Amino acid sequence: MNAAVAKATHEVVKDGSMLKQKGMMAGHYDRLAAAGETGSKVACTFVPGNLNELIMCFDLLNNLPEVNAIQNGLRKKSGSFVMEAEKDGHSEDVCTYVKSDLGMIARGNIGPYGKPLPDPDVLLLSYTGCFTFMKWFELLRERYNCETIMLHTPYKGDGEITQNMRDYMVKQLKEEVIPTLERVSGVKFDIDRLREYLRESAKAEDDLVWVLQSAKNKPSPIDAYFGGIYYIGPIFGAFRGTEDATDYYRYLRAEVEARIQQGLGPVTPDGDMGEEKYRLVVEGPPNYTSFRDFWKMFYEEGAVVVASSYTKVGGVYDFGFRHDPDHPLESLADYCLGVYTNRNLPERVDMLTNYVEEYQADGLLINSIKSCNSFSAGQLLIMREVEKRTGKPAAFIETDLVDPRYFSPANVKNRLESYFQMIEQKRASKRPAVGAMA
Amino acid sequence: MTVSPTTEIIERCRALFDDLQFTAAREWKAAAPGRKVVGYMPIYVPREIIHAAGMLPLGVLGGGDQLEVIHGDAYYQSYICRIPRSTIELGVTGRLDFVDGMLFPSICDVIRNLSGMWKLMFPEVYSHYFDVPQNYRDDIGGNYYINELKLFRDDLERLAGRKITDDDLRASIDAYNENRRLVREVYAYRSDQPWKAPATEIYLLMRAGMVLPVEEHTQLLRDYLGAVETEDRPIRDNCRVVLIGMFCEQPPFNLIKSLELAGCYVVDDDLLLVTRWLIGDVPLEGDPIENLAKAFLHHSEDTSAKYEPDAAEKGKYLVRTVKRTGAEGVIFAAPSFCDPALLDRPMLQHVLKDADIPYIAFKYAENSGQMQPIREQAGTFADSIKLWSES
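Top line first, the protein sequences correspond to chains A and B. Under the working numbering, think of the first position of the first sequence as 23, with each following residue one higher. Under the working numbering, think of the first position of the second sequence as 229, with each following residue one higher.
Derived by calculation from the structure, the hints in this document are not laboratory data. Careful, some of the hints might be misleading.
Said to hold, decoys possible - Capping the alpha-carbon separation at 30 Å, the derived lysine-lysine pairs in DSSO-like fashion look like this:
(1) A:238 <-> A:414
(2) B:534 <-> A:193
(3) B:534 <-> A:196
(4) A:63 <-> B:542
(5) B:522 <-> A:109
(6) A:196 <-> B:378
(7) A:193 <-> B:378
(8) B:522 <-> A:196
(9) A:109 <-> A:137
(10) A:193 <-> B:542
(11) A:109 <-> B:544
(12) A:196 <-> B:542
(13) B:522 <-> A:193
(14) B:534 <-> A:109
(15) A:42 <-> A:98
(16) A:109 <-> B:542
(17) B:591 <-> A:109
(18) A:299 <-> A:410
(19) B:534 <-> A:63
As the structure is a prediction and not an experimental result, all values here were calculated from the model.
Using the sequences and the accompanying hints, generate a full structural model.
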C-alpha cells in the first residue's frame, strides 16, 4: 500500500494515496458532467468557508470554481483563459482565479477533465476571508442569473471569535442559507442528516491533522506544502463529511505511518526524496502552472516543507477545532470564522512562529502571490516578525496562482538557492569553531 | 488686490490638504487637556460615535503625491496599491504620532490586513477593523451591526475615559445630519452649475472635512455656498461626467484638474464617500445606535465594496446618478490594483451599455505624475460626446 507507484522511468511517481485522491477528483468531475442527465442540482461555492456537509443535506453537487482554476492551472490551460477574460474587459490587476474561471466559461465551460461543467442552480457565496469572493459571484450571477446566497463571515479583526459573530452566522444559516437551499433543491432540511455528515468530517479531520503533524518527525515523511496540496484536496473540496473522505484519510495515515517506520522522507514526482537537508515552513499559496518544476526546485536541494499556511486555507484543524455534531450550526460558523485567511495578521504571525518552532524548521519562506491580496498584503511584515521572534532566516519569492506570465523559474530558483545558502551560513555561525577552547 | 471670499475659503482648504503633519488636528488636540483623535480610513465609519466621545475623527487617506514614500515601500510588494504604503509612511515617520486610535473599515483585503499590521507596528495605539454587515435584514445583519456598534462604543468609552450617553450620540447625529445636508447641497449646486463650483474646489472643500471638527466644516460649507454664488464664472462648452472608482485611494489633485481642463464638468463622484454615506437625516428620536444601524442598512450609498443582494439592481445606482445629474457620460478612474473598483467595473459597464451611456476607463495611483495621457483620453471622450450629442 505504501509503495510509490512508478509506471515508467520518466513518468511521475505517485503515492497510493495520491492515485486514490486523483480517482476521487475524476469521479467528482464525472458526476458534475453528468448532472444534466442525472438531474442533480449544483451549488457553486468557495473553498474557505465551504459548507459541504450542508450542501450534501440538500443532495446538491458541490462545484468549486477555485478548484477548477487550480486544475486548469496544473493542466496549463489557465493562461489562455486568463487572457480571454482580460480581452473581455477584466483588469490585468485582479485575481487570476476569477479570470481563469470567466475565461473557461467564455470558451464553453469545459472543465479541466475535458467534460462540460453544468450551470449552477445556486451560488452559495460564502464570503469568508477574501473580498474577491463577493465580486466573483456577482460576476457569475450576472452570467447565470441564478439564485445567490450571501453568507457573510465577519473577519477576526481582533483575533477572536465573539458570540456576536457566531450568532450572526448561525442566524444567516437558519434564516437565509437553509431556506434558500431547501427552495432551490426541493429537499427538506434534516438536522440529523447534517449531524451525521459532521461526525464523519471530524473523523477525517483527526486523520488529516495526524498526517500534517507527522512532519514533526525527522526526516519528515511528508511534504506539507506540495504533497500537502494533494492531502487537502478531498477535505477542502467536495468530500468533507463523506465516508469516501474518511476512508481516504485513514488510508493516507496508514501510508504515512509506514513511511515513518521505514525512516523514509516524502514521495516526490521523481520518487523518494533523498537526504533531508532543509526543513521549511511556507506561507502563501503555490504556483500551479509550473507546479512540478516549482516543487523540484525544493526537493533537488533536499528541502522539505514541514508546515504551511496554505494547507489551512480550507480549515484550521491543528489547534483543536473539529466539526461538532452536537452543535451543528455553531460548528459550521466556527469553522468559517477560523479559516486561515479570516485570521488577522498577529494571529498569522503567531501561527507561523509556532510552526517554525514546533516543526523544528530552518526558517520561513513566503511565496507571495501577485493576484491574492488576502494572503499577500502584509506578508513582508509577517516575514520580519517571524524572523525576529524565531531567530531563523526568512525569504521571499513572488509568483502567481494560475497565471503563467508571473512564474519566472530562473528568478525563483536563484532566490531559493540564496536562501539555502543563508540557512547554511546561519548553521555554520552556530557551530563551535574547530579547536575552540571550552 | 482683494481676494474673493471663495478664493479665501479654497486657499484655506488647500493649506489643510497640503499639510501632511495634520497641524489643524494637532492644534485641536492641544487646545484642551484630555482630547483624543481617532483616525479612520475610507470608506465609512460612524463618525458620530467618535464625536460623541468628545474626540476628533480624522480622515487618513494616504500620502497623496507630495509624500516621498521611503519606508512604506518596504512593507508592500509592487502589485499592491499605493494607499497602504503611504499610510504606513505617515505612521512610521511620526506624522500620526498624535493619533490615539485608528479604524480600518471593511473595504478590501489590503485595508483589512493593514488593521493587523497597525496592531503589530503601533501596539500602543487602539486599532480596530471596523466590520459592517453584508446582510441587510434588520433581524440578521441589523442585530449584528447594532452589537458591533455597541462594542465599538465600549472601546471608545475606554479610550476616552468617560461614558458616551445616548444624548451625546443624539447631539452628534444632529451635528452630522446638518453636515451631510450641506454636503448634499454643495453637490447639488455643483450639479446645477458646474461652471461655478469646479470639481477641484469641491474636492478641497470636502477634504477639509477630513481634518476639521464637523461644526467648523459645516460652517465652511455654508460660507462656500454663499461665496460662490457671487462669483462670475463663464460657462464653458464642457460635457457633464460622473466620476467613479475613486472611493478609497485618492487621485492626485492634478488629475481632477486635468479632467476639467480636458473639457469635463464633474457633476458627481464617489470621492470621500464618508461625507455623504448616509442618505437623509438619521432620526434623533429613539435609540441612536439602532438609528445609525438602520441608516446604514437601508439608507446608505452604493459602492463597489458593498454586496448588492438584488441582481436586477446591480449597478443601477450609477444609471440613476447619471440621470439625476444630467450627466452625459461616466469616467471610470480606479487606482491600480484596487480589487473592489476593478472587479466591479465590468458589471457597471454592462449596465451603462444597456442604458446607452458612454464611458471611458483608466487607472491611476495617488502619486501619478504624468497627466497628459489622461487629459488626452478625457478630452477625446468629451469631444466625442459633444459630437454625438450634436449629430
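Here's how the hints hold up against the structure:
The suggested pairing of residue 238 of chain A with residue 414 of chain A holds, with an alpha-carbon distance near 17 Å, which does not exceed 30 Å. Between residue 534 of chain B and residue 193 of chain A the alpha-carbon distance is near 20 Å, which keeps this suggested pair within the 30 Å criterion. Of the supplied pair hints, the one linking residue 534 of chain B and residue 196 of chain A holds, its CA atoms being roughly 23 Å apart against a limit of 30 Å. This hinted pair checks out: residue 63 of chain A and residue 542 of chain B have alpha carbons roughly 26 Å apart, not beyond 30 Å.
A hinted pair counts as satisfied when its Cα atoms are at most 30 Å apart, and residue 522 of chain B with residue 109 of chain A does not qualify at roughly 41 Å. Among the hinted pairs, residue 196 of chain A with residue 378 of chain B is consistent with the structure: their alpha-carbon atoms are about 24 Å apart, no more than 30 Å. Proximity of residue 193 of chain A to residue 378 of chain B is assessed by CA-CA distance (about 19 Å); at most 30 Å being required, the pair is judged to hold. Our distance criterion of 30 Å between C-alpha atoms is met by residue 522 of chain B and residue 196 of chain A, whose separation comes to about 22 Å.
At roughly 24 Å between alpha-carbon atoms, residue 109 of chain A and residue 137 of chain A fall within 30 Å of each other, so this suggested pair holds. At roughly 25 Å between alpha-carbon atoms, residue 193 of chain A and residue 542 of chain B fall within 30 Å of each other, so this suggested pair holds. Between residue 109 of chain A and residue 544 of chain B the alpha-carbon distance is near 25 Å, which keeps this suggested pair within the 30 Å criterion. Restraint check for residue 196 of chain A and residue 542 of chain B: the C-alpha separation of about 26 Å stays at or below 30 Å, so the hint holds.
Between the alpha carbons of residue 522 of chain B and residue 193 of chain A the distance comes to roughly 18 Å, so the proposed pair stays at or under 30 Å and holds. For a cut-off of 30 Å, the pair hint linking residue 534 of chain B to residue 109 of chain A stands: about 26 Å separates their Cα positions. For the hint linking residue 42 of chain A to residue 98 of chain A, the alpha-carbon distance of about 22 Å falls within 30 Å, and the restraint holds. Restraint check: the Cα-Cα separation between residue 109 of chain A and residue 542 of chain B comes to about 23 Å, which is no more than 30 Å; the hinted pair holds.
The suggested pairing of residue 591 of chain B with residue 109 of chain A holds, with an alpha-carbon distance near 17 Å, which does not exceed 30 Å. Under the criterion of a C-alpha separation no larger than 30 Å, the hint pairing residue 299 of chain A with residue 410 of chain A is consistent with the structure, at around 23 Å. Restraint check for residue 534 of chain B and residue 63 of chain A: the C-alpha separation of about 29 Å stays at or below 30 Å, so the hint holds.
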